[in-house]
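Asks: These protein sequence lines are chains D and S, in that order. Residue numbers for the first sequence follow my numbering, so the first one is 110 and each next one is one higher. Residue numbers for the second sequence follow my numbering, so the first one is 176 and each next one is one higher.
Honestly, the hints are just simulated from the structure, not real lab data. Mixed in with the good hints, there may be bad ones.
[As the list claims (entries may be wrong)] Cut-off 27 angstroms, straight-line C-alpha distance, at most; resulting in silico cross-link-like pairs (DSSO-like, lysine-lysine):
(1) S:367 / S:409
(2) S:228 / S:325
(3) S:302 / S:228
(4) D:169 / S:261
(5) S:302 / D:169
(6) D:247 / S:228
(7) S:369 / S:287
(8) S:302 / D:271
(9) D:271 / S:228
(10) S:182 / S:355
(11) S:355 / S:406
(12) D:271 / S:261
(13) S:316 / S:302
(14) D:266 / S:422
(15) S:287 / D:169
(16) D:236 / D:169
(17) S:302 / S:195
(18) D:247 / S:261
(19) S:195 / D:236
(20) D:266 / S:369
(21) S:358 / S:369
(22) D:236 / D:247
(23) D:247 / S:302
(24) D:271 / S:355
(25) S:182 / D:247
(26) S:243 / S:325
(27) S:182 / D:169
(28) S:243 / D:247
(29) D:266 / S:358
(30) D:271 / S:182
(31) S:243 / S:195
(32) D:266 / S:302
(33) S:195 / D:247
[Claimed, not checked] Away from chain D, derived, C-beta distances all over 10 angstroms, residues of chain S:
(34) 198
(35) 238
(36) 252
(37) 363
[What the hints assert, rightly or not] Every beta carbon over 12 angstroms from chain S, so not counted as near; a handful from chain D, in silico:
(38) 112
(39) 138
(40) 145
Predicted model, so just to flag it, every value in this text is computed and none were measured. Glycine included, each C-beta is placed from N, C-alpha and C at the ideal position.
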Amino acid sequence: MRIIDRVWFTLISTMWIIIIYAIDHKCSCILGSFTSTTIILITIPIILTALWLLFIRVTKTSENISSCSSIEEINNDFLANYLGYFFVGLGLNNATTLYIAFGIIFVFTFASQNQYFNAVLLLFGYKYYSVETGEGTKVLVISQNNYRNSNAVASDKLRRVKDGVFLELR
Amino acid sequence: MNCLIVKIKTGSRTTTTYRKLLSDVVIYSMPADLTNALEYSPDTLHEDNEWYKISNFSEKSFCLQLLKDNFSSVNYDDLGTNDIDKIDFLCSYQDDIYYFQNVSRASLKPKKAIHLGDNYYFEENSKSISINHCADAIYVKSEDILYFQKLPKITSIFKGVDILYREATDEETRNFLNEKFIKLSNDFSADKVKTRNRQRIALASDTINGLRGKDRKALFDYIAEYRPELKKGKRNVFAIGSEEDLKNFLYGIEQRYYTTEVNPERRIANSIIRFEIE
Numbered sequence: 110m111r112i113i114d115r116v117w118f119t120l121i122s123t124m125w126i127i128i129i130y131a132i133d134h135k136c137s138c139i140l141g142s143f144t145s146t147t148i149i150l151i152t153i154p155i156i157l158t159a160l161w162l163l164f165i166r167v168t169k170t171s172e173n174i175s176s177c178s179s180i181e182e183i184n185n186d187f188l189a190n191y192l193g194y195f196f197v198g199l200g201l202n203n204a205t206t207l208y209i210a211f212g213i214i215f216v217f218t219f220a221s222q223n224q225y226f227n228a229v230l231l232l233f234g235y236k237y238y239s240v241e242t243g244e245g246t247k248v249l250v251i252s253q254n255n256y257r258n259s260n261a262v263a264s265d266k267l268r269r270v271k272d273g274v275f276l277e278l279r
Numbered sequence: 176m177n178c179l180i181v182k183i184k185t186g187s188r189t190t191t192t193y194r195k196l197l198s199d200v201v202i203y204s205m206p207a208d209l210t211n212a213l214e215y216s217p218d219t220l221h222e223d224n225e226w227y228k229i230s231n232f233s234e235k236s237f238c239l240q241l242l243k244d245n246f247s248s249v250n251y252d253d254l255g256t257n258d259i260d261k262i263d264f265l266c267s268y269q270d271d272i273y274y275f276q277n278v279s280r281a282s283l284k285p286k287k288a289i290h291l292g293d294n295y296y297f298e299e300n301s302k303s304i305s306i307n308h309c310a311d312a313i314y315v316k317s318e319d320i321l322y323f324q325k326l327p328k329i330t331s332i333f334k335g336v337d338i339l340y341r342e343a344t345d346e347e348t349r350n351f352l353n354e355k356f357i358k359l360s361n362d363f364s365a366d367k368v369k370t371r372n373r374q375r376i377a378l379a380s381d382t383i384n385g386l387r388g389k390d391r392k393a394l395f396d397y398i399a400e401y402r403p404e405l406k407k408g409k410r411n412v413f414a415i416g417s418e419e420d421l422k423n424f425l426y427g428i429e430q431r432y433y434t435t436e437v438n439p440e441r442r443i444a445n446s447i448i449r450f451e452i453e
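If we strip away everything but chain S, and leave its shape as in the complex, we get:
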């Protein structure tokens, strides 16, 4: 049983409304390489064609009710012509797997197009939705796992999933920069901190708050070893005067610096994947 439904924007925050578009069509196909999907974490970067996954998706707060219930196409009325402009995203249900694709408002605007087929004709106001080669998100119900390639693409479908990608708020940034172990210089302040560093601060404050006493000292010694230019006289205090300094310091807190075993070379880990030895 295959069915394509769309979510339409109704202006209501509490109810989600879907409409049925088509049945018996196979629109998306499963990508070949989902077995190598990585569990999503903001500091894990993946290669171009790799996928992230979120396991136990139905337990998360941003999971859609649609995915938790059994699918019945009878629940949804047909899409009316005056609802076309309200299309938010597509959801194709194919054999117990849900494929999602975002639809932007721009793509719904009428375009001038030449129809190619048995006859050729020019259409002034043609509307159509292009189907992407890969779905933006794929939910496999039997495994309860959501697969996706880019987090920003799914934030409008699954509202709240960006808590996985949390940026530090202004207050959190200010609190972080006011900590005892940081001394600001060059008029550097919380308002000058940009997005990428804000994301790192969110993670770093969690890390630092989890360390006490000896561990903290060990961490600061480690940072001082790799970034001696950040040290300023007193032990356990670092001078931060620019975005670059802040970035280097945050990398230190996440212990991204390492020296290779053979042919010692100092490196920064751009992306980390956590694993456990079984």
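Chain D with its partners taken away, still in its complex shape:
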């Protein structure tokens, strides 16, 4: 179960390489035209992310957090990774190189802990916060709320994405 979860998320993140590559090489494989190919390719990660949100809401049990001592917004830390995918997509010349590069990046992203950063979630209004609880544990909270004060982070509508990473539902 956890493996499927990680594969899914890694796919959503690294898929952009393929999408940018396809746009760069003016692919028109879907529905015969370039425009429709582009539009459909771009919506795939968006739909997958929405499905993932639904999956988390339905299958995971609730968690709570109370009394935090520090909070930091960390969206910017991951942006560099993301831009990396885009540049890789732009830099590839042929399909073989694409498959190999995609495979390597997929494996590394799967093994790393950063796979839970997803730019599409930012589109949906979620922000990433690194929070320290009252007991000193550092966790990642993905939430649509705007938090400036650590005392405001107290909720029992969290879902565990994985140990140390939690999504806050509205």
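With chain D's structure known, arrange chain S on it following the hints.
Replies: Below, chain S alone, put in the same frame as chain D:
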């Protein structure tokens, strides 16, 4: 918000590690009769279904840090399959009340079981934890009181709570038996003193050391009155030759002997409850 966590044994003496097991489940229920709980004291015995309590629990040295902090389930990772054998005790957090249950190593061993449900199947290595009807200990955070029924069940959860149930050490026992007011006979000595009397000695030495002069004399006269067979010639000296003699003497120090007012009858108080008239 309900959450079930377990403590696992990590071999470390300084850190306690908990793992999360389940959320959103109501596992234990509050017993109906906690209002009659008695404050714990070693010489208070209670009826079968009654509970003891320890008030101001968060100030005691054996209180867990878990109970002093606010509960956040995010602090705890999920229990991994290779940690199952290290489960020490369960703690179910339900609406700001913590319910504890000890889990023994034997109950974690894989058992042969037949699963009954929609399908029936035989499982060679089934592992499960049985939930007792009553939790071993209940901590109500809003009152800062810990409720429990049997002290031995909670000593492994709250390390150090057995100082409430202190036994006299060998040295304390020897010192007690060497006191001026005791004369040993029949080769009775400190090594022959068993657990129950050791517990009583711990309390009795505290009592005796708190009495001086006239009070001591009055106490010894009282003991001599109810247990004349313990007296040996000289005043204020008692002959102890067996566990039974020692027990009777210790009962005397705790002033457990009394005579009823109406229809005078001599009795021993098996259990005492202290109270004050308001």
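Asks: Taking the hints in turn, state whether each one holds.
Replies: Each hint, compared with the structure:
1. A C-alpha spacing of about 25 angstroms is found between residue 367 (chain S) and residue 409 (chain S), which places the hinted pair at or below 27 angstroms, so the restraint holds.
2. For the hint pairing residue 228 (chain S) with residue 325 (chain S), the CA-to-CA distance comes to about 11 angstroms; that is within 27 angstroms, so the pair holds.
3. Restraint check for residue 302 (chain S) and residue 228 (chain S): the C-alpha separation of about 33 angstroms exceeds 27 angstroms, so the hint is violated.
4. Note on residue 169 (chain D) and residue 261 (chain S): the hinted pairing holds, with a Cα-Cα distance of about 25 angstroms set against a maximum of 27 angstroms.
5. Under the criterion of a C-alpha separation no larger than 27 angstroms, the hint pairing residue 302 (chain S) with residue 169 (chain D) is consistent with the structure, at around 23 angstroms.
6. A C-alpha spacing of about 35 angstroms is found between residue 247 (chain D) and residue 228 (chain S), which places the hinted pair above 27 angstroms, so the restraint is violated.
7. Pair hint residue 369 (chain S) plus residue 287 (chain S) does not hold up; C-alpha atoms about 41 angstroms apart against a cutoff of 27 angstroms.
8. For the given pair, residue 302 (chain S) sits about 25 angstroms from residue 271 (chain D) by alpha-carbon distance, which is consistent with the 27 angstroms threshold.
9. Taken as a hint, the residue 271 (chain D) and residue 228 (chain S) pair is broken in the structure, with Cα atoms around 39 angstroms apart against an allowance of 27 angstroms.
10. Between residue 182 (chain S) and residue 355 (chain S) the CA atoms are separated by roughly 50 angstroms; this puts the pair beyond 27 angstroms, and the hint is violated.
11. Restraint check: the Cα-Cα separation between residue 355 (chain S) and residue 406 (chain S) comes to about 13 angstroms, which is no more than 27 angstroms; the hinted pair holds.
12. For the proposed pair residue 271 (chain D) and residue 261 (chain S), the alpha carbon gap of about 22 angstroms is at most 27 angstroms, so the pair holds.
13. Between residue 316 (chain S) and residue 302 (chain S) the alpha-carbon distance is near 32 angstroms, which puts this suggested pair outside the 27 angstroms criterion.
14. As the CA atoms of residue 266 (chain D) and residue 422 (chain S) are separated by approximately 59 angstroms, the hinted pair breaks the 27 angstroms bound.
15. Between the alpha carbons of residue 287 (chain S) and residue 169 (chain D) the distance comes to roughly 30 angstroms, so the proposed pair goes past 27 angstroms and is violated.
16. The straight-line distance between the Cα atoms of residue 236 (chain D) and residue 169 (chain D) is roughly 20 angstroms, inside the 27 angstroms bound, and the hint therefore holds.
17. The hinted pair formed by residue 302 (chain S) and residue 195 (chain S) meets the criterion: a straight-line CA distance of about 17 angstroms does not exceed 27 angstroms.
18. The suggested pairing of residue 247 (chain D) with residue 261 (chain S) holds, with an alpha-carbon distance near 24 angstroms, which does not exceed 27 angstroms.
19. For the proposed pair residue 195 (chain S) and residue 236 (chain D), the alpha carbon gap of about 26 angstroms is at most 27 angstroms, so the pair holds.
20. A distance of roughly 56 angstroms separates the Cα atoms of residue 266 (chain D) and residue 369 (chain S); the hinted pair therefore is violated under the 27 angstroms criterion.
21. Restraint check for residue 358 (chain S) and residue 369 (chain S): the C-alpha separation of about 18 angstroms stays at or below 27 angstroms, so the hint holds.
22. Between the alpha carbons of residue 236 (chain D) and residue 247 (chain D) the distance comes to roughly 16 angstroms, so the proposed pair stays at or under 27 angstroms and holds.
23. Between the alpha carbons of residue 247 (chain D) and residue 302 (chain S) the distance comes to roughly 32 angstroms, so the proposed pair goes past 27 angstroms and is violated.
24. Distance restraint check for residue 271 (chain D) and residue 355 (chain S): the Cα-Cα separation of roughly 69 angstroms exceeds the 27 angstroms cut-off, and the hinted pair is therefore not satisfied.
25. Between residue 182 (chain S) and residue 247 (chain D) the CA atoms are separated by roughly 20 angstroms; this keeps the pair inside 27 angstroms, and the hint holds.
26. For the hint linking residue 243 (chain S) to residue 325 (chain S), the alpha-carbon distance of about 23 angstroms falls within 27 angstroms, and the restraint holds.
27. Our distance criterion of 27 angstroms between C-alpha atoms is met by residue 182 (chain S) and residue 169 (chain D), whose separation comes to about 22 angstroms.
28. Taking the CA atoms of residue 243 (chain S) and residue 247 (chain D), the gap is near 19 angstroms; set against the 27 angstroms cutoff, the hint holds.
29. Proposed proximity of residue 266 (chain D) and residue 358 (chain S) is contradicted: the alpha carbons are some 70 angstroms apart, above 27 angstroms.
30. Of the supplied pair hints, the one linking residue 271 (chain D) and residue 182 (chain S) holds, its CA atoms being roughly 20 angstroms apart against a limit of 27 angstroms.
31. For the proposed pair residue 243 (chain S) and residue 195 (chain S), the alpha carbon gap of about 18 angstroms is at most 27 angstroms, so the pair holds.
32. For the proposed pair residue 266 (chain D) and residue 302 (chain S), the alpha carbon gap of about 31 angstroms is over 27 angstroms, so the pair is violated.
33. As the CA atoms of residue 195 (chain S) and residue 247 (chain D) are separated by approximately 16 angstroms, the hinted pair is consistent with the 27 angstroms bound.
34. With a least CB separation of 4 angstroms from chain D, residue 198 (chain S) falls inside the 10 angstroms interface cut-off, contrary to its annotation.
35. For residue 238 (chain S), the non-interface assignment is confirmed: its Cβ lies about 15 angstroms from the closest Cβ of chain D, beyond the 10 angstroms cut-off.
36. Remark: the non-interface label on residue 252 (chain S) conflicts with the geometry, its nearest Cβ contact in chain D lying 4 angstroms away (cut-off 10 angstroms).
37. No Cβ of chain D approaches the Cβ of residue 363 (chain S) within 10 angstroms, the least distance being about 54 angstroms, so the stated non-interface status holds.
38. Distance check on residue 112 (chain D): its Cβ is at least 14 angstroms (rounded) from any Cβ of chain S, clearing the 12 angstroms threshold; non-interface status holds.
39. Non-interface call for residue 138 (chain D) relative to chain S: holds, since the shortest CB-CB distance, roughly 42 angstroms, exceeds 12 angstroms.
40. At roughly 43 angstroms from the closest C-beta of chain S, the C-beta of residue 145 (chain D) stays outside 12 angstroms, upholding its exclusion from the interface.
Figure legend: structure checked against the earlier numbered hints; hints not met, in rising order: 3, 6, 7, 9, 10, 13, 14, 15, 20, 23, 24, 29, 32, 34 and 36.
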